[in-house]
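Chemist: Below, each chain spelled out in residue letters.
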Amino acid sequence: DGGITQSPKYLFRKEGQNVTLSCEQNLNHDAMYWYRQDPGQGLRLIYYSQIVNDFQKGDIAEGYSVSREKKESFPLTVTSAQKNPTAFYLCASTHRGQGGTEAFFGQGTRLTVV
Amino acid sequence: AQSVAQPEDQVNVAEGNPLTVKCTYSVSGNPYLFWYVQYPNRGLQFLLKYITGDNLVKGSYGFEAEFNKSQTSFHLKKPSALVSDSALYFCAVRPSGNTPLVFGKGTRLSVIA
Chain S
1 DGGITQSPKY LFRKEGQNVT LSCEQNLNHD AMYWYRQDPG QGLRLIYYSQ IVNDFQKGDI
61 AEGYSVSREK KESFPLTVTS AQKNPTAFYL CASTHRGQGG TEAFFGQGTR LTVV
Chain U
115 AQSVAQPEDQ VNVAEGNPLT VKCTYSVSGN PYLFWYVQYP NRGLQFLLKY ITGDNLVKGS
175 YGFEAEFNKS QTSFHLKKPS ALVSDSALYF CAVRPSGNTP LVFGKGTRLS VIA
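Chain order of the listed sequences is S and U. The opening residue of the first sequence carries number 1 in the numbering used here; numbering runs sequentially from there. The opening residue of the second sequence carries number 115 in the numbering used here; numbering runs sequentially from there.
Bound-form chain S, shown alone (with noise of 0.2 Å):
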């Protein structure tokens, strides 16, 4: 079946650890997403690429950092900078150009820091 893979579905980090999340997918999808999000704060774009090897920063961008090396992944670091990291990670990819289609979205990676 074709979907979007993220893992781990947990994740412990300490102080001044860095750590990777993953997100892959086979959906031959051109962009992907990542979106953090904090209770009553709905989803905050983190970064997103829309060609591979190529990717912008979204609103929230500093403390993270991500690279787009194939197609099909799109994994988010999340550095020792980022002062608040423990949130939902949320990973989506879509086609390319087309506007009206929807994201598919990952299950999601929840990352606490102990």
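Derived by calculation from the structure, the hints in this document are not laboratory data. By construction, the Cβ of each residue, glycine as well, lies at the ideal position given by its N, Cα and C atoms.
Quick list of the computed label-pair ranges, beta carbon to beta carbon: (1) U/Lys172 <-> S/Val114: 41 to 49 Å; (2) U/Gln116 <-> S/Thr112: 29 to 37 Å; (3) U/Pro154 <-> S/Ile51: 29 to 37 Å.
With chain S's structure known, arrange chain U on it following the hints.
Modeler: Same frame as chain S, but now just chain U:
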């Protein structure tokens, strides 16, 4: 700047009654509008979308939404609510073809038996 407002944090409705979850948007041009549903600790599931054409859009699980250009609204509706409809609902807008979705803050729907 484009934005989406969901004015109600929480909506409570009795099972069998009609439900409405409100959404208004602010964007230049003709927007693409979407509704998603989220169950606890899960990703977002697509419900329906408006691109163009009929103002009343039908989607999954008996939900529908009405696009009103003059009021810049896209309210989600269902004629008869089920307890299983209880979840978090997000309205989203894509201002143009290649831009990311912009989400509202979400509305928690609680359907009481």
